[in-house]
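Enquirer: Chain by chain, the residues run as shown.
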Amino acid sequence: MSDASYAIGIDLGTTHCALSFVDLDLSEGEEVAQHVLRVPQVTSPGNVEELDLLPSFLYLPKGGELAEDALALPWDARPSFGVGEVARGLGVKTPIRVVASAKSWLCHGGVDRRAPILPPNAPEEVTQVSPLQASILYLEHLRDAWNAKHPDAPLEEQEVVITVPASFDPAARELTAEAAREAGLEDMVLLEEPQAALYSWLQSTDGAWREQVKPGDVILVVDVGGGTTDLSLIAVAEKEGALELHRVAVGDHILLGGDNMDLALAMTVRAKLEKDGKKLDGWQLGALTHGCRAAKEKILADAEIDSVPIVVPSRGSKLVGGSIRTELTREEVTGILVEGFFPKVEASDRPKSRARGALTQLGLPYAQDAGITRHLAAFLAKQVGATEELEGFSLPEGATFLHPTAILFNGGVFNSSLLADRVADVIGAWLEAEGAERARVLDGASLDVAVARGAAYYAYVRRGKGVRIRGGTAQAYYVGVEAAMPAVPGMEPPITAMCVAPFGIEEGTECDPAPQELGLVVGEPVSFRFFGSSVRRDDRVGTMLERWDDDALEELPEIQATLPAEGKTPGDVVPVRLQARVTEVGTLRLEAIPREGGQRWKVELDVRE
Amino acid sequence: MSDPKPSFFARLFLAWAAYFRTLFDADFAAGVVRLREGGPALPPPKEEPEEKPKKKKKKVEKKEPTVLKAAGPEAALQLLGLLQREGRFVDFVREDIAEADDADIGAAARVVHEGCRKALDEHFEIAPIHASEEGETVKVEEGFDAHAIRLTGNVVGDPPFSGELTHRGWRCESVELPKMSEGHDPHVIAPAEVELS
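Residue numbers (this note's numbering), protein chains in the order written: chain A, 1 to 609; chain B, 610 to 806.
Worth flagging that the hints you see were computed from the coordinates, not collected in a lab. Wrong hints could be hidden among the right ones.
In the DSSO-like style, the derived pairs of lysine-lysine whose C-alpha atoms are separated by at most 30 Å in a straight line are [what the hints assert, rightly or not]:
hint	chain 1	residue 1	chain 2	residue 2
1	A	K239	A	K382
2	B	K727	A	K93
3	B	K727	A	K278
4	A	K272	A	K298
5	A	K344	A	K272
6	A	K318	A	K93
7	A	K298	A	K318
8	A	K318	A	K278
9	A	K318	B	K727
10	A	K149	B	K727
11	A	K62	A	K279
12	A	K272	A	K93
13	A	K214	A	K62
14	A	K344	A	K298
15	A	K149	B	K788
16	A	K382	A	K344
17	A	K298	A	K93
18	A	K272	B	K672
19	B	K788	A	K62
20	A	K93	A	K275
21	A	K298	B	K727
22	A	K279	B	K678
23	B	K788	A	K93
24	A	K298	A	K278
25	A	K318	A	K272
26	B	K672	B	K788
27	A	K318	A	K275
Just need the whole structure built from these sequences, with the hints factored in.
Expert: So, in structure tokens, the structure goes:
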């Protein structure tokens, strides 16, 4: 830890990765020498360029499809796959060979995340990879890019922080940590992305943040990335005269981001074109999406502009005449983007959920309601009690949701002040309706690299050189225990949820073993139902819940323990107790401790199907 | 000349002294030139590898400021490739637009403009040479950089000149072209595409 020359933050994003670093020798206190790594990557076959961002795309070419060294990198003459810009570019025209959104698959409990399933629906001939493998490849690319430029300070020996969505469940966090270990980053730690955004803001104020927030403030971080929307609440408390930051709540996993918005615009424009009898293929839809993004940004940036022309180029070499001209109007942007994704809703509105149908054929559990403001309303209402345990926070009588006093926006979507203003207005209206003041907006740098920068800053302050956000686990965890009662045909036996890890355990802390014993069958994997709660803050290890509100406990993917048969009779039932620990890395670890023998068996959070 | 045939060591000393005088004394150097061109020739200095001073002397005498620059085709081809990839530049320029509708040309021009601009922005840092607005009256001082400022029209008299800025000029501050893999053929500006169904 002390040998490191750099504190490094890696944003392992759904659509982009970025690496930022702090030079420890040149940094002192809040004076930080920080940079973003220009990542060498193949940008088109045979060409290598350095970019600030590494698109999180992986292309799996057919042998002979590309020239022999078309994917050559400074550190690898013959890679068998392409990572970054080249993968994104090739993937537009050959989607069956491109892996995208691997991160969203990594936190998809419904699939085996170690199984080669990407790209989904790929023909047999394509050698698929697992979501875990794709994450490893992105990290390895960043590692090799760093090491090529810093041969004397290899990434493996630096202090590395990797960000994950606050809403990542324990299994997804563990998989991210595993990917990092596979990439040789043994000593890295995880940080939640909204916290990274706040660190980035703290750093950007050059120490003036202490004047911009005060004890009693509740900061709502709204982080809308390319593929996910991540919400967190951070309370500002005071202890012995110094300001303290507590991350008191995080939102549910919402698979909805900026890319969905651009796609929604493109679909609308495509429908308009199809009405005129003009058909677009997949590549042209990609070009249209790109055009819509640029046009949207122009419209959002300038209130005078009513429409922006978009041209979808022809695929063939005849550009004039073969291209399709259309336009994106302000009305469409307002209707789809502002009203569609950020509608004016009441604080009592909730996201609509509808039965999953053919729409989910892609396999990813995309958010069913695109209204981010409705997700916000649900989040704030669910977390109305988030600050109860902290001193100096009080909500007015009858408050129906937690009142944020400040908002920090993050993500490229909010480069448009129109959208940030809309969110601030909607929340402001909710607050005013309950007699509270509007929340002020913290001037954040909603840059593409803010999360990576914040992570690097955190890697730096972890050395004891600045304010840290206190957090711990944002959920309490429960294992489902079947009640001992006679089986009733056609009915599942009722289960009791036993708390194994309370809310808010800090990194590097071990809980007591749960007092109740469970029976494990020797030599056979035994599965348990697993639950998390982001609202039950008072449960202790061993608390048994016989019933609960649907809202309070969320079922997570099953967990599994296998007791090896060595020295025991297979089929025997051995009583074990479960013990939870939050590792230094920031992952949850569950272990089964048999009554005798002093051994411990790891309980797998990520179960192979 | 009192001593027509100096000894070797005397010659060595003479050559040594002459070397520095040729270098630093313009009049003396002119004399040497005259001597070499028409007057009684000095005996050529001995070719001895270890006698470095003499070798250097020869170099100085032969120095002729002829600079020939030949740009390799690779960078140019790379740029064409970039402009084509981002802005369909070659497609557009190679197309016969004589009969085409202006609206269609306009639509295509948007693709070319947006893409080529992106390619330029990403690989070149380009800034105007002159900070003033076009149309303003500007001064051109003595000793101006004739590469960067072109005087036009009534070019008479002595600097400082005063005139109207008709074009601000462009200067490329930095270039960052992609690096190419060994086997990459930059002559392929855009590959032919065959879609398999």
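Enquirer: Now tell me if each hint is right for this structure.
Expert: Hints, verified against the model:
1. A:K239 with A:K382: OK: K239 of chain A and K382 of chain A at ~27 Å, within 30 Å.
2. B:K727 with A:K93: Since the Cα atoms of K727 of chain B and K93 of chain A sit roughly 21 Å apart, the hinted pair holds (cutoff 30 Å).
3. B:K727 with A:K278: holds, 27 Å
4. A:K272 with A:K298: holds, 20 Å
5. A:K344 with A:K272: holds, 26 Å
6. A:K318 with A:K93: Given pair K318 of chain A, K93 of chain A holds - Cα atoms ~18 Å apart, limit 30 Å.
7. A:K298 with A:K318: The given pair, whose Cα atoms are some 28 Å apart, holds under the 30 Å limit.
8. A:K318 with A:K278: Roughly 17 Å separates the two Cα atoms, so the pair holds.
9. A:K318 with B:K727: Roughly 21 Å separates the two Cα atoms, so the pair holds.
10. A:K149 with B:K727: Roughly 27 Å separates the two Cα atoms, so the pair holds.
11. A:K62 with A:K279: Roughly 29 Å separates the two Cα atoms, so the pair holds.
12. A:K272 with A:K93: With Cα atoms ~23 Å apart, K272 of chain A and K93 of chain A stay inside 30 Å; holds.
13. A:K214 with A:K62: violated, 58 Å
14. A:K344 with A:K298: Measuring from Cα to Cα gives roughly 23 Å; hence the hint holds.
15. A:K149 with B:K788: Cα-Cα ~15 Å, so holds.
16. A:K382 with A:K344: holds, 19 Å
17. A:K298 with A:K93: Holds: K298 of chain A and K93 of chain A sit about 27 Å apart, inside 30 Å.
18. A:K272 with B:K672: Distance of about 71 Å is beyond 30 Å: violated.
19. B:K788 with A:K62: holds, 24 Å
20. A:K93 with A:K275: holds, 25 Å
21. A:K298 with B:K727: holds, 16 Å
22. A:K279 with B:K678: Answer violated: K279 of chain A to K678 of chain B is near 51 Å, above 30 Å.
23. B:K788 with A:K93: holds, 24 Å
24. A:K298 with A:K278: holds, 25 Å
25. A:K318 with A:K272: It holds: about 23 Å lies between the C-alpha atoms, which stays within 30 Å.
26. B:K672 with B:K788: Violated, at roughly 36 Å.
27. A:K318 with A:K275: holds, 24 Å
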